[in-house]
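J.: Read off the chains here:
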Amino acid sequence: MNLAASSFGAAVSIGALTAIIGALATARSRSTLVGIGTATTGVAALLAGGAALTGESFSLAAPGLLPLSGVSLTLDALGALFVAVTGGVAVACGVYGVSYARHGLDSRLVQAVFPLFVVAMLLVPVASSVGTLLVFWELMALTSLLLVLAEHRRRPAVASAARWYAVMTHLGFVTILSGLLVFAAHAPGDDFAALREAEVSPSVAALVFLLTLAGFASKAGILPLHAWLPRAHPEAPSHVSALMSAAMVNLGVYGIVRVGFDLLGGGPRWWWLLVLALGAVSAVYGILQAAMSTDLKRLLGFSTTENLGLVLIGVGAAGLFAAFGDRVLSGLALAAALLHVLNHAAFKSLLFLAAGSVLHATGTRDLDELGGLRAGMPVTTAAFGWGALAASALPPGTAFVSEWLLLQALIHGLPADGGADAIVMPVAVAAVALTAGLAVATFVKAFGVGFLAKPRGEAAARAHESPPTMLAGMGLAGLACAVLALAPTLVLPAVGAASGVALGGEASAVTGTVTIRLAGVAGSLSPLMITLGLLVAAVVSLGVLRAVAARRARRTARLWDCGGGPLSARMEYTATSFAEPLQRVFDDVLAPEQDVDVDHFEESRYLVRAVAYRRAVPDRVERRLYQPVLAAVAAWGRAGTRLATGSVHRYLGYGFYTLCGLLILLAVTR
Amino acid sequence: MTLLGLIGGVIQPVLIVGGAPLLVGVLRQVRARLEGRVGPGVLQPWRDLRKLVGKEAITPRGTSELFRVAPLVLVATTLVVAVVAPFVTTASAADPVADLFAVVALLALGTAVLALAAIDTGTAFGGMGASREMTILALVEPTLLVAIFALSVPVGSTSLAAIVSSTLNDPARVVSPVSLLAAVALVVVIVAETGRLPVDNPATHLELTMVHEAMTLEYAGPDLALVELASAMRLTVFLGLFANLFAPWGIATSAAPLALLVGVLALVVKIAVLGALLAAAEVFLAKLRLFRVPELLAGSFLLSLLAVSASFFLA
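From first to last, the protein sequence lines are chains E and C.
Numbers 1 to 670, taken from full-length UniProt numbering, label the letters of the first sequence in order.
Numbers 1 to 315, taken from full-length UniProt numbering, label the letters of the second sequence in order.
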């Protein structure tokens, strides 16, 4: 038994044991034990993933464990990357949960389900047969649903969010189920090895791909199947949001890569054009909605849609290049996509944990009521700032590196035939670029309005720093961000190995130690040198300034108030007003609803008593796409009630006529 | 790292730090003369900086460390670009940093940090300036990146040195539709990014129209000197990049003293001419309404997208 197998086994058994402890332990020790257990599970999973990424792998088949198909597990490099990401996120969330869960989240149910959710997410990328994958997928959906529901007694919105999540995740499950069953029906068995060997006709392959794509994309929060994400992520407890947003959504990408590349062996160009287009639309729409959002966690949720959209741009480009036969570029694009998965996991867990810390301290997620947190919660402020820098794709943040790689792949994607590529690649670059620009504005808003300036509300003014274990959880995630930002070359071989499995044993597309060098195409970047350069430049400028500036002490002074007396927090820009210019610019896309009520004094119309301003930016896709469907379903339901009036005679009549009809049918067809 | 790159890495920042206030002086002087005024002279920005540096530093009440660090970050980002980008020499002191995306991202980092500092003051002016600047940045970024994309597709690399060298070797490329479209798009972007007319008026202190000035309203003394120097340097860097992307002639390709001298002179002349043109154009332009600016930027975005499509089709 090698290291990968033993540590994976340890991860799963510790996770299961933690779940039992969570169900049995006393209320006082529960959250500590579960937190430690989950973090240990995460460490073991990280070890297993790391070992598998450096070449070890294992397979396990237990035919008797589940009826019909049995359980079969295989840990290869592609799955190992996702196991490692989930493990890493679980460590941070587990440590964070020790004290975070003390505040109303330490019920037996929540504490038992939390480690189970982690275990389910670890098992999904390791499943190597259709039956096993579906079982673990459903286990993941159910456990996460229970965790989303954790706070349903406190806020009525939780129940509604959970309903959306339950329906959408199960519809997704149905499409994945039908897709994979169709696939398995055309193969000698339901094992992945059998599926790889299967000879399927192009139309069946396309059907399988489309069905699974719908299910996996919905899990990844990709448009237009994203509607659950901005609901469920804000309403779940923050460490669960972090797990969902940084680990669970990745498995949607895993599914697309596994089925599309590994099992179906690539495919025609239009598959990947579709994936790329979905990614581009999701990226731009997601960040636009995030830019408008004033709910901190909803903003982060939409940012997940954006980042997974960027990942899908990479995946789509990889498929497109593979279809053209360009192995180098396709390897590069997939490596960029997978690196972005890694980076997104690191900074999004950091951001969600910091947002949870804010929620814990102030009780509100509304940016318009926050502000000034830097005084009360300096560590959380620093953590969120570091995460925001990473998320806005600016150096020395993490996302900058993966977006740079992604853009390099797109730029070198010279058309093999000058056809669709010549239009797709520029549009894809434009989408990535627009996303990058809007992300900067979004995260300047989130960090600036939320944490800097003066407190806008009572709660924000009384904010206090979180307990040490929560800070430690954030610290771990922040450390991961720093490592990924400054030394991405440490993980790039692993990412290359994972993309090699998907694309069929390609050598690593990216090399280098301090400097990232692209193999096969020109391009190099050194995040470490950029950071060092910035530091040196700042120190030199400071030194020169100190040398020439007058040696006079710093003096504090009043802010410029136009001579109108002290400034109050009501005069500050809020998140809503900060985003207003962008809202105007993208008016046609967002279709915001605004309402200004001016209340006058009775004496004169020129004297204003009060002005009320209301703004809502509804999710337009949801309104156009979901509302009609929901309305139709409701209409069907109402039509159905006319059949069921409550009269027993009528029901007996239905039975009688149905039986007669059936007999006649049988008589006629015989 | 070559000798040429090393020399460039020393000459360029010195030249840009020393010359940036002079460029602002030239711009103001040209405007003054065209408007029939005498003007304060080219050296006035340097005199202003000297005066500001001699004053005591002031921390407005209620601001945090970020507010104090922001001017340094702003200068540092621009300084890094000044060191690595090919202004005087084609070789770069740190090639893995002299990537077009990295340079654009570094400059955007400076803007973002200054916007955060503006929000940090908690005044309405600060928030307003930050909000407007971020809106403009969000719209400028895509144009800038797509225009860069258009320029790098024919070269097959986003390395600045590679693009400049390849234009030197193939001068005909400058008049190709790709370059021309990208050039027009970049002009609009540079005007927006450096806060010149018609996007922002650098000479205004009227709250309805301020963008950049609103963000820096609370700075005083040495901090203000850094901010002023940094914005002058950004203008110089953008003009220098523009000049060398489309007309790299004169740039030093070897470490010979004469070549370096020609490189320095060529850069000075190119930036001065571009600056004078910019100032002359500003005399005839009025500031656009803030909400008409996105239309201008959307237009330049379209041009850059056309440039990319052209570069693919003509490749």
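These are calculated hints, taken from the structure and not from any lab test.
Note that the coordinates shown come from a computational prediction; the quantities given were computed from them, not determined experimentally.
Mixed in with the good hints, there may be bad ones.
In silico contact screen, one side only, chain E against chain C (beta carbon under 7 angstroms); selected entries [stated by the list, open to error]:
{"no.": "1", "residue": "R546"}
{"no.": "2", "residue": "A549"}
{"no.": "3", "residue": "V585"}
Here are the simulated SDA-like pairs of lysine to any residue, each with C-alpha atoms no more than 20 angstroms apart in a straight line [what the hints assert, rightly or not]:
{"no.": "4", "chain 1": "C", "residue 1": "K51", "chain 2": "C", "residue 2": "P40"}
{"no.": "5", "chain 1": "C", "residue 1": "K55", "chain 2": "E", "residue 2": "D595"}
{"no.": "6", "chain 1": "C", "residue 1": "K51", "chain 2": "E", "residue 2": "R552"}
{"no.": "7", "chain 1": "C", "residue 1": "K55", "chain 2": "E", "residue 2": "V544"}
{"no.": "8", "chain 1": "C", "residue 1": "K55", "chain 2": "E", "residue 2": "L630"}
{"no.": "9", "chain 1": "C", "residue 1": "K55", "chain 2": "C", "residue 2": "R33"}
{"no.": "10", "chain 1": "C", "residue 1": "K55", "chain 2": "E", "residue 2": "W560"}
{"no.": "11", "chain 1": "C", "residue 1": "K51", "chain 2": "C", "residue 2": "L290"}
{"no.": "12", "chain 1": "C", "residue 1": "K55", "chain 2": "E", "residue 2": "V633"}
{"no.": "13", "chain 1": "C", "residue 1": "K51", "chain 2": "E", "residue 2": "V379"}
{"no.": "14", "chain 1": "C", "residue 1": "K51", "chain 2": "E", "residue 2": "N2"}
{"no.": "15", "chain 1": "C", "residue 1": "K287", "chain 2": "C", "residue 2": "A276"}
{"no.": "16", "chain 1": "C", "residue 1": "K55", "chain 2": "E", "residue 2": "L177"}
{"no.": "17", "chain 1": "C", "residue 1": "K51", "chain 2": "E", "residue 2": "A549"}
{"no.": "18", "chain 1": "C", "residue 1": "K55", "chain 2": "E", "residue 2": "L559"}
{"no.": "19", "chain 1": "C", "residue 1": "K287", "chain 2": "C", "residue 2": "V187"}
{"no.": "20", "chain 1": "C", "residue 1": "K55", "chain 2": "E", "residue 2": "A550"}
{"no.": "21", "chain 1": "C", "residue 1": "K51", "chain 2": "E", "residue 2": "A553"}
{"no.": "22", "chain 1": "C", "residue 1": "K55", "chain 2": "E", "residue 2": "G543"}
{"no.": "23", "chain 1": "C", "residue 1": "K51", "chain 2": "E", "residue 2": "R554"}
{"no.": "24", "chain 1": "C", "residue 1": "K51", "chain 2": "E", "residue 2": "R546"}
{"no.": "25", "chain 1": "C", "residue 1": "K51", "chain 2": "E", "residue 2": "G543"}
{"no.": "26", "chain 1": "C", "residue 1": "K51", "chain 2": "E", "residue 2": "R638"}
{"no.": "27", "chain 1": "C", "residue 1": "K55", "chain 2": "E", "residue 2": "R558"}
{"no.": "28", "chain 1": "C", "residue 1": "K55", "chain 2": "E", "residue 2": "G640"}
{"no.": "29", "chain 1": "C", "residue 1": "K51", "chain 2": "E", "residue 2": "L542"}
{"no.": "30", "chain 1": "C", "residue 1": "K55", "chain 2": "E", "residue 2": "H152"}
{"no.": "31", "chain 1": "C", "residue 1": "K287", "chain 2": "C", "residue 2": "P40"}
{"no.": "32", "chain 1": "C", "residue 1": "K55", "chain 2": "E", "residue 2": "G653"}
From the three backbone atoms N, C-alpha and C, an ideal C-beta is built for every residue, glycine too.
J.: Compare the structure with each hint and give your call.
T.: Quick rundown of the hints versus the structure:
Given the 7 angstroms rule on beta carbons, the hint for R546 of chain E is violated: about 9 angstroms separates it from the nearest Cβ of chain C. Restraint check, A549 of chain E versus chain C: the minimum CB separation of about 4 angstroms is within 7 angstroms; hint holds. The criterion of a C-beta within 7 angstroms of any C-beta in chain C is met by V585 of chain E, whose closest approach is roughly 4 angstroms, and the hint holds. For the suggested pair K51 of chain C and P40 of chain C, the alpha carbons sit about 15 angstroms apart, so the restraint of at most 20 angstroms is met.
Distance hint between K55 of chain C and D595 of chain E is unfulfilled; the C-alpha atoms sit about 48 angstroms from each other, more than 20 angstroms. Distance hint between K51 of chain C and R552 of chain E is fulfilled; the C-alpha atoms sit about 14 angstroms from each other, no more than 20 angstroms. Annotation: proposed proximity of K55 of chain C to V544 of chain E holds, straight-line Cα distance about 16 angstroms (limit 20 angstroms). The suggested pairing of K55 of chain C with L630 of chain E is violated, with an alpha-carbon distance near 67 angstroms, which exceeds 20 angstroms.
About 31 angstroms separates the Cα atoms of K55 of chain C and R33 of chain C, which puts this hinted pair outside 20 angstroms; it is violated. For the given pair, K55 of chain C sits about 18 angstroms from W560 of chain E by alpha-carbon distance, which is consistent with the 20 angstroms threshold. With a C-alpha separation of about 33 angstroms, the suggested pairing of K51 of chain C with L290 of chain C is violated against the 20 angstroms cut-off. Only pairs whose Cα atoms come within 20 angstroms are accepted, and K55 of chain C paired with V633 of chain E is rejected, the gap being roughly 72 angstroms.
Restraint check for K51 of chain C and V379 of chain E: the C-alpha separation of about 38 angstroms exceeds 20 angstroms, so the hint is violated. For the hint linking K51 of chain C to N2 of chain E, the alpha-carbon distance of about 70 angstroms lies beyond 20 angstroms, and the restraint is violated. Proposed proximity of K287 of chain C and A276 of chain C is supported: the alpha carbons are some 18 angstroms apart, at most 20 angstroms. Restraint check: the Cα-Cα separation between K55 of chain C and L177 of chain E comes to about 72 angstroms, which exceeds 20 angstroms; the hinted pair is violated.
For the given pair, K51 of chain C sits about 10 angstroms from A549 of chain E by alpha-carbon distance, which is consistent with the 20 angstroms threshold. Straight-line distance between C-alpha atoms of K55 of chain C and L559 of chain E comes to about 18 angstroms, which keeps the hinted pair within the 20 angstroms bound. For the proposed pair K287 of chain C and V187 of chain C, the alpha carbon gap of about 16 angstroms is at most 20 angstroms, so the pair holds. Distance check on the hinted pair: K55 of chain C and A550 of chain E sit about 6 angstroms apart at the alpha-carbon level, within 20 angstroms; holds.
A hinted pair counts as satisfied when its Cα atoms are at most 20 angstroms apart, and K51 of chain C with A553 of chain E qualifies at roughly 17 angstroms. Pair hint K55 of chain C plus G543 of chain E holds up; C-alpha atoms about 17 angstroms apart against a cutoff of 20 angstroms. A threshold of 20 angstroms between alpha carbons decides the hint, and for K51 of chain C with R554 of chain E the separation of about 17 angstroms falls inside it, so the pair holds. Between K51 of chain C and R546 of chain E, the direct Cα distance comes to roughly 15 angstroms. Compliance with the 20 angstroms bound is thereby established for this hinted pair.
Restraint check: the Cα-Cα separation between K51 of chain C and G543 of chain E comes to about 18 angstroms, which is no more than 20 angstroms; the hinted pair holds. Note on K51 of chain C and R638 of chain E: the hinted pairing is violated, with a Cα-Cα distance of about 79 angstroms set against a maximum of 20 angstroms. Only pairs whose Cα atoms come within 20 angstroms are accepted, and K55 of chain C paired with R558 of chain E is accepted, the gap being roughly 17 angstroms. Between K55 of chain C and G640 of chain E, the direct Cα distance comes to roughly 81 angstroms. Violation of the 20 angstroms bound is thereby established for this hinted pair.
For the suggested pair K51 of chain C and L542 of chain E, the alpha carbons sit about 18 angstroms apart, so the restraint of at most 20 angstroms is met. With a CA separation close to 59 angstroms, the supplied pair K55 of chain C and H152 of chain E exceeds the 20 angstroms bound. Proximity of K287 of chain C to P40 of chain C is assessed by CA-CA distance (about 23 angstroms); at most 20 angstroms being required, the pair is judged violated. Restraint check for K55 of chain C and G653 of chain E: not satisfied, since their Cα atoms lie roughly 97 angstroms apart, outside the 20 angstroms limit.
The structure is inconsistent with the numbered hints 1, 5, 8, 9, 11, 12, 13, 14, 16, 26, 28, 30, 31, 32, although it conforms to all the rest.
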